[in-house]
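Undergrad: Here are the chains, one letter per residue:
2 protein chains.
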Amino acid sequence: MSVKEAGPVKPIRVALLGCGTVGTEVVRLLTDQAEDLTQRIGAPVELAGIAVRRPNKHREVPEHLLTTDAAALVKSDDVDVIVEVIGGIDPTRGLLLEALRNGKSVVTANKALLAEHGPDLFEAADASGADLYFEAAVAGAIPLLRPLRESLAGDRITRVMGIVNGTTNFILSAMDATGAGYNETLEEASRLGYAEADPTADVDGFDAASKAAILASLAFHTRVTASDVYREGIRAVSAADIQAAKGLGRTVKLLAICERVTSPSGQESVAVRVHPAMIPRTHPLASVNGAFNAVFVEADAAGEMMFYGQGAGGAPTASAVVGDLVAVARNMVASGHGPRESAYAALSAQPMGNTPTRYHISLDVADKPGVLSQVAAVFAEHDVSIAAVRQEGRIEDASLVIVTHAATDAALRSTVDKIGGLPVVRDVVSVMRVEGEE
Amino acid sequence: MSVKEAGPVKPIRVALLGCGTVGTEVVRLLTDQAEDLTQRIGAPVELAGIAVRRPNKHREVPEHLLTTDAAALVKSDDVDVIVEVIGGIDPTRGLLLEALRNGKSVVTANKALLAEHGPDLFEAADASGADLYFEAAVAGAIPLLRPLRESLAGDRITRVMGIVNGTTNFILSAMDATGAGYNETLEEASRLGYAEADPTADVDGFDAASKAAILASLAFHTRVTASDVYREGIRAVSAADIQAAKGLGRTVKLLAICERVTSPSGQESVAVRVHPAMIPRTHPLASVNGAFNAVFVEADAAGEMMFYGQGAGGAPTASAVVGDLVAVARNMVASGHGPRESAYAALSAQPMGNTPTRYHISLDVADKPGVLSQVAAVFAEHDVSIAAVRQEGRIEDASLVIVTHAATDAALRSTVDKIGGLPVVRDVVSVMRVEGEE
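Protein chains in written order, with the UniProt record's numbering: chain A, 1 to 438; chain B, 1 to 438.
Hints listed in this document are in silico derivations from the structure and should not be mistaken for laboratory results. Please note that a few of the clues may not be correct.
[Claimed, not checked] Which residues of chain A face chain B? A partial, calculated answer using Cβ under 10 Å:
| id | residue |
| --- | --- |
| 1 | 87 |
| 2 | 89 |
| 3 | 93 |
| 4 | 145 |
| 5 | 146 |
| 6 | 261 |
| 7 | 315 |
What you are looking at is a predicted structure, and each value in this text was computed from that prediction instead of being measured. Glycine included, each C-beta is placed from N, C-alpha and C at the ideal position.
Chain A with its partners taken away, still in its complex shape (with noise of 0.2 Å):
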């Protein structure tokens, strides 16, 4: 214990805003291990109260906790830390801004939240000299955030790719093993309790999206919002998709890839997309399956590190709220505070058509002589290079597969535009991006 911890301390008292899977599983940590967060922090933790919509609804948390008054809360001289587990933009928002305002620090799970209104908590927190703390928002246990914003801090981050919805990994893992469609495995994972009655968040991309922005922003040092990331689901992903993934020894994952992007003239700007992505067999994403999570993280020093983990759960999310508590309540037995929004380098946010990709496309063609060079004088006329060609003859037509170099986005767009309306081209089978190999 430092000197100027001595004498009796002051409890930690702290308010909860919701109480579902996680909530549940914040309040049976803090119960369970209540004297060893004591040690661990220096002063004990204690629950000031519960906010719920519905207190007869909760018989597994301490009943005299429970009120429906979440704005008391906020305001309450008797509470020290907020730990937010509502979720959804309204009307937590007010309620986080408020008590960071009050200069209680928060403690939130709220990917959404963050992603879209991250600046103004951060503008709240630093006028008040509270902390913000979030680790849970991305990839639920895994300890991803405090590596980015402090064990990276002295680094240059280069990239973050990952998957971080467990969902749609649940959905391509399970189509990729059974060569299921879609719409028959969405509603196997819905059945099995791995997707929510609307999947749209997950499957449209959403929360990968914000998870992105998150971990963008604390890469880069740049303000970086959800409407800045480029977003595809994985609704269009087909059978068809998985089968040429395999084909060529790759599988299909569901990316959130943020990247620093330098021009020619030597600017730099921030590239952030999630997208389906053709990767190899071999890259260790791929053998990510089912609700895991994991993220590769390259710096001009460190190299390339990757976190894995479980990415989502009541208690694994409960784990990481639990410990941004512990680091909230350690600042405040030193009479510091944690670290502040760090957005200085204000890089630009480049637009997905600017982007340098790769492509996979995969052709039913009419099998005559000449296909190949039309084709392929598309690809020229569009300045985008050919990687690798595959064609093979069937009885009637052939089979025509296509792996790029890297071009921008808009480049290999128009060119599968194009090459969809030769009249040698019978059915664009497959067009999916390529990601992981050099």
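Mind docking chain B on chain A? Use the hints.
TA: Same frame as chain A, but now just chain B:
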């Protein structure tokens, strides 16, 4: 910026002790990233001095900063933070204790010193209110200690297992790939610069044992020193061991394993060990090759996590060092401090003999009736349960491979000793622990 931090800020003055591969990279990062670091910290970082043995040998760092007087730097009023990359126990220990007593925070990559004298350093830090950070001491650039010390501070860690020494991993990877013996492969590793002229610290497991002690201390909130760690290096790993592992779909890795063990009476202790072990080729650690490190962490709420990256080298280690320096500097700007030693749990260290392990045993036996029953009787006598047996006849004799269930290491050793003395056993070809399987 917080209101607290308004106005012109005092630079953070840093003295570097040592300027080898890592030190040179630290100077490079501090120079190249000076503007970024100022923004990230809220104050500029300035080098106040670099202590080296032979100043004329360091042409790549600013000459006016070089000094041979490390003792003066740790006392200087002009220095706020000491970054130590000299290594070794003495005189480093005295220098760092003096620095901490003088209220200077310390960032160090010195695993041997921390594993032997960590508690003394922590006590000196806590007494003066200085910070002590050492992310670079384990697994190079991989953010691992901060996650253990901070991110998982709200959880109960049960196990840490990983590959934390690049030299031995390079040698074992090469033996697995080529089938060559240990001595031959060590020579090749030395030639390629992957092993030191005196490889003792690496190949005898001292380096990994120091890291295991540090990991266990943080994971279990208990003082664990190098002498508490059971240690076996890789000198005795033979081509026959590697071959035996291959025959069972396994590979051999030098593992550092830190476990929380609960006795039948509910008494908790920690078991910390470093030894070669066979793991299944499908285990994620099996594909960690060459100089890379990877560490699995298991916690009650968070579940299983993995951290992967470059475990050594000048730039990766410097990345971790400068990340810690940013943390210390931010704490100074915020008038706070980082996490203190957390050793309240004070668990006892369990001797290796009592630790449950599993063995793989490969024998050359006489090919006649009754051999298996004689061998099996020895296992039964020591209360060791057999998980799998494979017997194959050859011209004159037979090979018998046995994999056990978990038993205490002492019982397993006694079993192997007794079996080696049976007249029907011609040779004990390979004995190795098995990990990474249920």
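Undergrad: Min Cβ distance, residue 87 of chain A to chain B: is it shorter than 10 Å?
TA: 19 Å, violated
Undergrad: Are residue 93 of chain A and chain B close enough, Cβ to Cβ, to be under 10 Å, as the hint says?
TA: 21 Å, violated
Undergrad: Would you check whether residue 315 of chain A satisfies its interface hint, that is, whether its CB is within less than 10 Å of any CB in chain B?
TA: 4 Å, holds
Undergrad: With a cut-off of 10 Å, does the beta carbon of residue 89 of chain A approach a beta carbon of chain B closely enough for the hint to hold?
TA: Nearest chain B Cβ about 26 Å off; hint violated.
Undergrad: Using 10 Å as the Cβ threshold, decide whether residue 261 of chain A counts as touching chain B.
TA: This interface hint is violated because 17 Å lies over the 10 Å limit.
Undergrad: Closer than 10 Å between Cβ atoms is the bar; does residue 146 of chain A clear it against chain B? Give me holds or violated.
TA: Result: holds, 5 Å to nearest chain B Cβ.
Undergrad: Just to be careful: measuring from the Cβ of residue 145 of chain A to every Cβ in chain B, is the smallest value less than 10 Å?
TA: 9 Å, holds
In summary, the numbered hints that this structure violates are 1, 2, 3 and 6.
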